[in-house]
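K.L.:
Got two chains here, separate frames each, mind docking them using the hints?
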Amino acid sequence: MTRPSEKSTSSFMVRKHSSSVVAAHPASSVASEFLSVRTKQIIAELKSPTGANTVDAPDAKRSIEHRLFDARSACKITTRQMLMHFPTDWHKKFFAQLDNLLDIDEWDDRDEPVTKDSFFTLIRLMVMLKDKRRPGIGIANHGNIVATWTVGPKDRLTIECLPNDRVYWLATIPVDDGSDSVAGDASLSKLLGYLQPYSPDHWLTNEDIKQTPASR
Amino acid sequence: MRHVFKPLTSPVYPRAPIIEAVIELVIADRVAPKDVERIAKKMKKRYDACEDQKQIDLAVQTDGMKMSVRQDAMEARRLSSNDQSRVAVVHEKALITSRLPPYPSWNALREDAHANWGDWKSVANSTVSRVGVRFINRIDIPTAMDNILELESYLTIYPQMKALQRPVTAFLVQASVDSHLERWSANITVTPFLPPPVPGHTSILLDIDVFRTDEIPNHKDKIWDMVDEGRAIKNDIFERVLTPEAKELFK
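Protein chains in written order, with this note's numbering: chain A, 55 to 270; chain B, 294 to 544.
Honestly, the hints are just simulated from the structure, not real lab data.
Worth double-checking, as some hints may not be accurate.
[To be verified] Lysine-lysine pairs mimicking DSSO-like chemistry, simulated, CA-CA at most 30 Å apart:
#1 513/B with 184/A
#2 184/A with 414/B
#3 544/B with 146/A
#4 147/A with 386/B
#5 513/B with 414/B
#6 544/B with 186/A
#7 386/B with 337/B
#8 414/B with 147/A
#9 335/B with 146/A
[Stated by the list, open to error] Sample of chain A residues facing chain B (criterion: CB under 8 Å; computed from the structure):
#10 130
#11 131
#12 136
#13 139
#14 151
#15 178
#16 182
#17 242
#18 243
[Unchecked claim] Calculated from the model, a selection of chain A residues having no Cβ within reach of chain B, i.e. all distances over 12 Å:
#19 146
#20 159
#21 160
#22 196
#23 206
#24 209
#25 223
#26 224
#27 231
#28 234
#29 237
#30 248
#31 252
#32 259
Every residue, glycine too, gets a C-beta built ideally from N, C-alpha and C.
Isolated chain B, as found in the complex (with noise of 0.2 Å):
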């Protein structure tokens, strides 16, 4: 008997754990240094403040005898209104819209990317190599001190480690996993947050980052309706995630 996928949906949660909301898309072609200025000054409209940043990466290779250190630096921007509730990064690579708690709206924070990727194409006509959805919760469970939080009450991802009989004091779980729609994966973290921002809580750290980066249209609407479907594909695994114990503390 085949086995049907269901797909999962998200309910509005009044207190829902997000402490970030991302949509990032990243470039085939970097843009000039010069273009993420223009970008981010068209893009200063709708924000109050712009930073001048450098994203710096660096590499360290050893081949057990030399070591070299890579370091590739690239321009960038961030906007942000006054009361932090609307970011977003322009760099060379990339264009990476965010929206902080509280959350208003998948469409908000959709609306905010669309502006934005339109001035960026009014000023380079880069092609998307990435579409990545990405959200970060903290899930904030009241806590005891010196009590023993069973992790399967609240996660359906967790280390398994009954073979030991000791409660886990530090753990991190990262999974790669391919979407039930077909060219999307997902990273999923779960980490907790040491120690724990809430007092007589203890806080889960929950990363769902949808993505893809196989055939994507440059079609302006196209890239929406796929931006569309990595948000679903992320409520389904949140939805899979947390167990219905989880979910009550977001009501």
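For reference, chain A alone in the conformation it holds in the complex (with noise of 0.2 Å):
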């Protein structure tokens, strides 16, 4: 840690995040409780002339033609807003999936359209695996966004992805005949790390493997 020096006037400090990071919506995080309610308005007011970062999370009232409408809008500008630490084009592919997932001609009533803090988690687990090979997208309970890495039938990587930076993980393993299964509930910093003992790079970095398509 470096201290500040005579010739530096303003130093900004990280703090740690703990183990229940929350995700990036300003008025949620700790350090943000030391802004008074105007200067968080005023903070607020900067978002978007246009709507761009405040599209509505999905309203129960209205059609699920309008509500898919409104999560593949919101996923979308979410996604761009982080492009610039993508592969130029990167998103056309993975906006592809995005329409196919929420596709009114292939949807579940039963389903629940993928909510915001949710694909706020994997588009933040996207931007730490951007090396790596894209994964299939599906969707899970409660509308939380789901990530998979397959090798083969018995060998994959699923991700659930929370809100607020937490993940469910499952990795199948092929032993002998069969497979085994381990999984866990961790936050997005320490997955990597949990995910180590199974060389994820194995799922992670097989150009030869097509990838899984998406699934509800």
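P.N.:
Shown next, in the form of structure tokens:
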């Protein structure tokens, strides 16, 4: 840790996040507790003149078609605002996956559209894994988005993205004629550490294997 | 010796930190709600979706004894492309045209706004009272946890906290300045994104809102020369607010 020098006039501390890191909504952060109500209001007003980052979460009162549109829009806007960290045109295939996943013609009314908070955890995971193989995506209960990397029918890594940087992960590993499964519940910052014993790169970097199609 | 101001120009940054680029035209007299609908209908040929919205401005006033709430609700439409790269908002007092990342070029944004304004003018012969060019940037700085980030390594606008000799955990700096070009002003805002959206980074929001409210021509071509002026001022401010070390992050 560097000490503020005589020359430096303004240092900004990055706080260590706990395992329950909140998603990037400033009003919910610990540090923003220090800001006055008026300051928070100013920051909220800065957010977007077109509502680009305030697209409403799917509202149960709207038709499913509208709710799916809202979910697709919110996911794409969130992705776009992180694109400076991805290769050029990375988003095009990803958006095709989202369109397929949230397609009204394929939709099961028992499902919930992807939630904004779950998707935010996913996009942060994708930034961490930006040089790795692209996953297949699906939807779990409560609108949580799921990412899956598959090498074979008994060899896959599945990560369900929850709000606030939490993930459920499930690793299925071939053993003899069958398979073993290992699961966990972790914060995003700790995930890759927990996966190390299972050689995650064999899921994340195997370019010879086709991507798992999106599923619900 | 007279100081001659030399505006800085911006190169093209491969990984520009723009999270939204906006051209806004505010009109002098509100259009009718039905005109909002008609304008949006014309614009829809260039966008894939159009949503009804209401823009509500609430003002709470108190004189210490009594409190009153004033509400101003306006009809609005939000148009967007399917991929959410292009967005526009039409409401009774303004036309807002926006591009989201990856930012294609100034010309692409300008052409969108120009076409949208053409549709507006075909419905309502409005006069522009405010021309605005606003770019919202997010500077993502790789930072180890519990590390101290020296703001002046990346920014030339930041809170001066030397006297406290303690790190800053949150701040908001907002300044209004007159531009080097007559009749133009700018609002510049610098504040951290808390918590930062990108893992392993500290994120600083830099919002540059350049605007003019004085002597705005009604001529359809001169308005766009003026919008180009706003962009040049925005670029100059961007180049001045960020240090060379910050700009390395965009290459």
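K.L.:
All the hints need checking, so say for each whether the structure fits it.
P.N.:
Hints and how they fare:
no., hint, result
1, 513/B with 184/A, "45 Å, violated"
2, 184/A with 414/B, "45 Å, violated"
3, 544/B with 146/A, "22 Å, holds"
4, 147/A with 386/B, "38 Å, violated"
5, 513/B with 414/B, "9 Å, holds"
6, 544/B with 186/A, "21 Å, holds"
7, 386/B with 337/B, "19 Å, holds"
8, 414/B with 147/A, "38 Å, violated"
9, 335/B with 146/A, "28 Å, holds"
10, 130, "4 Å, holds"
11, 131, "5 Å, holds"
12, 136, "7 Å, holds"
13, 139, "6 Å, holds"
14, 151, "13 Å, violated"
15, 178, "6 Å, holds"
16, 182, "5 Å, holds"
17, 242, "7 Å, holds"
18, 243, "7 Å, holds"
19, 146, "8 Å, violated"
20, 159, "15 Å, holds"
21, 160, "17 Å, holds"
22, 196, "22 Å, holds"
23, 206, "30 Å, holds"
24, 209, "27 Å, holds"
25, 223, "16 Å, holds"
26, 224, "22 Å, holds"
27, 231, "39 Å, holds"
28, 234, "29 Å, holds"
29, 237, "22 Å, holds"
30, 248, "16 Å, holds"
31, 252, "21 Å, holds"
32, 259, "19 Å, holds"
Of the hints listed earlier, those the structure fails to meet are numbers 1, 2, 4, 8, 14, 19, in rising order.
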